[in-house]
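**Student:** If you want the building blocks of each chain, they are given just below.
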Amino acid sequence: MSSTTEAITGGRLMVELLEEAGVEIVFGYPGGAILPFYDELYHSKKIKHILVRHEQGAIHMAEGYARSTGKLGVCIATSGPGATNLITGLTDAKLDSIPILAITGQVATDAIGTDAFQEADIFGITIPITKYNALIKKADDLSRHFEEAIKIAMGGRPGPVLLDFPKDVQLEKTTVRKASALKIAPHHYERPKVKGDPQEFADALNQAKRPLLYVGGGAINSFASAEIKALAEKANAPVTTTLMGLGAFPGTHPLSVGMLGMHGTAYANKAVLECDYILNLGARFDDRVAKYQDFAPNAVRAHVDIDAAEFNKRVNVDHILHGDLKDAIREILPFVKGGDRTSWIENIQNLKKNHPLDFDNSGDSIKPQDFLQKVYAKTKGEAIVSTDVGQHQMWAAQYYLFDKPNTWLTSGGLGTMGYGLPAAIGAKFGNPDKTVICVTGDGSFQMCIQELATIAQSQLGVKILLFNNNFLGMVRQWQELFYEERFSESQWTYNPNFVKLADAYGIPAMRIEHKSEIEKGVEFFLKDNGSALIEVMIPAEEKVFPMIPAGKSQQDLIEFKDLGKLKK
Amino acid sequence: MKHTLSILVNNHPGVMSHVSGLFTRRGYNIDSIAVGVTDNVDVSSMTIVLNGDDFIVGQVKNQLLKLPDVLRVQDMAYASSVQRELVLISFSISETNRSEALTICNGFDVKILEMTEDSLLIEFSGNSRQVSNIISVLKPFGIREISRTGQIAIAYRNQNAV
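The listed protein sequences correspond, in order, to chains X and E.
Per the working numbering, numbering through the first sequence is continuous, rising by one, with the last residue being 568.
Per the working numbering, numbering through the second sequence is continuous, rising by one, with the last residue being 162.
Same shape as in the complex, but just chain X (with noise of 0.2 angstroms):
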């Protein structure tokens, strides 16, 4: 511990504990438990706040800050409701290892346990959903806990972090500050040292006649991408990204073959059955990609991860490498043999021939797979690409290709509507430069609709990309392959004009409808860097495939053209 010289108070020194850290934005919403924050915050000059509609777009849009750029994202919010509007965006980040820490204003300490106005157990409530919380009792204190909650939001494996700030002690003078060189750069804390033989962990991969690597999430927060393409490269190994890996290692390269998992495409869940080895690279084997123990039957399985608690969770694994992705990576690389794989990569390519994404593009309406294709187009794949969650959200991610890591923010984990449209707000903060686009669907976007104002308020430059239905696309599916058509509660009724709503908020927007003003929508849509809404009306009973049904492993995957089968 050192001291400084002139005590100042508790609110005064988180923003500059803030500041020193490096953090440059906030997102967040001021109410009285946090007033004495508030006020300090309005003399930095280095820390920008985003003033939202909602908490939980502030959340969100941390996420989005943090995922598009490896930084840490911050999010303030009040006590009682204030904090408790963060439990989805925590419970998010927990889901899908995202840097966020959580300032929460709270009761004055004397009030706390005598169901004070705006008062909730914040602390206890989080508990299950954050990677780590503590409630600042004394101002002394709060430096610690401060470094402790940063060091743990960023080191390892990511995740959220809670600190929960009692009005007194806001107000509360202290000298107590440690001497720390605490920073939100990308990759700057305690990485593990790598656990295990790297050695042998190659040998298996060189003796392996058809290896698949199988990349998830972990690949972009350790910023392994290069290594990822490197190892891939050099073993001739075709790669698989998961939902949250996507863009790990590029969707252009000839090896990639694309998306693994429940609405993956067909040639990766096929290349997973015939597989001889499988390489996980920071994934989990999530329930969405691996239902049963009998995941990639036929293959010798490995495995690296931060976090040893994943090691055999779900699938038991032949081959452990414990640590840091990237770290690991360079490790076996030395050991990793080239090896004659002609076969297989005819096999796969013959695969991605036979078993291609596909969906009916005759009609005059417009197909959102199409509609997404013209986008991807247009854009290069340049663009960074927010999704809420359903319909839309599985067609972005099997028709938009990633090239790159950090610029496909989706919520994989929690699968949170409402995610979609803040995330990309935060994202275009991050990232002023780049075309944000949020790919989003009637029902989602209407959950997060008021951060519109977010946009207008800041002359925010993000596209919003949403394709309506008029139905819970998702649901709407699922009732229709798997309920006998009872569309229990899925269709919307009642819809609100989303063009004059967007230009309510002055942001220029434009409906579509028919497959001959694609061209002009895509036009309008991306034209400039400012904000802009094209509403894309399509078919009600337009699905994604493939799809393998839930409790089902890849044996049972159904393609398109299997969807005349299925319907008998």
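Among the hints, a few may not be true.
Said to hold, decoys possible - DSS-like, lysine-lysine: derived pairs with alpha carbons at most 30 angstroms apart:
| # | chain 1 | residue 1 | chain 2 | residue 2 |
| --- | --- | --- | --- | --- |
| 1 | E | 61 | X | 94 |
| 2 | X | 151 | X | 94 |
| 3 | X | 378 | X | 561 |
| 4 | X | 46 | X | 137 |
| 5 | E | 139 | X | 313 |
| 6 | X | 138 | E | 66 |
| 7 | X | 193 | X | 234 |
| 8 | X | 374 | X | 229 |
| 9 | X | 94 | E | 66 |
| 10 | E | 61 | X | 313 |
| 11 | X | 352 | X | 234 |
| 12 | X | 193 | E | 61 |
| 13 | X | 195 | E | 66 |
| 14 | X | 178 | E | 66 |
| 15 | X | 137 | E | 66 |
| 16 | E | 66 | X | 183 |
| 17 | E | 66 | X | 151 |
| 18 | X | 173 | X | 193 |
| 19 | X | 313 | E | 66 |
| 20 | X | 229 | X | 94 |
| 21 | X | 151 | E | 61 |
| 22 | X | 527 | X | 434 |
| 23 | X | 434 | X | 229 |
| 24 | X | 195 | E | 111 |
| 25 | X | 193 | E | 66 |
| 26 | X | 209 | X | 137 |
These are calculated hints, taken from the structure and not from any lab test.
As the structure is a computational prediction, the values presented were derived from the model and not from experiment.
Following the hints, put chain E in place on chain X, whose structure we already have.
**Tutor:** Just chain E, lined up with the frame of chain X:
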């Protein structure tokens, strides 16, 4: 199968919630939990008994070790550790069965804390099986109240001796 985990944690407020909450949300059932501070005031020792196969216990250990306040997790094998539980039992006696009750108490190495005309309050410690045993032996007398501490455990230093 029963497992006994000995867990060292930082002695902070909220740590107990973090640990027990982990069991709740992952669906693992705690049979007993006993907590006390160690010789170091900053460190507490928790003994948790849970029912589960090796896979579940392995998962629990892995998840516990991820909590920043958890310092060490030890799975106590029965043969290489001492496991004890304390129980306080108040039960009814009458003139006719008083001497029988006292004989049992002597046989079990029980400490008698209070004796009234119609009741006995006793203290007993032993492993969980012995504690359950004495409870079932005293049941016919009419048990008024029971309080068990939950099991605590410590590993023998010399693992070869057992």
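**Student:** Out of the numbered hints, which ones does the structure contradict?
**Tutor:** Violated hints (numbers, rising): 5, 18, 24, 26; every other hint is consistent with the structure.
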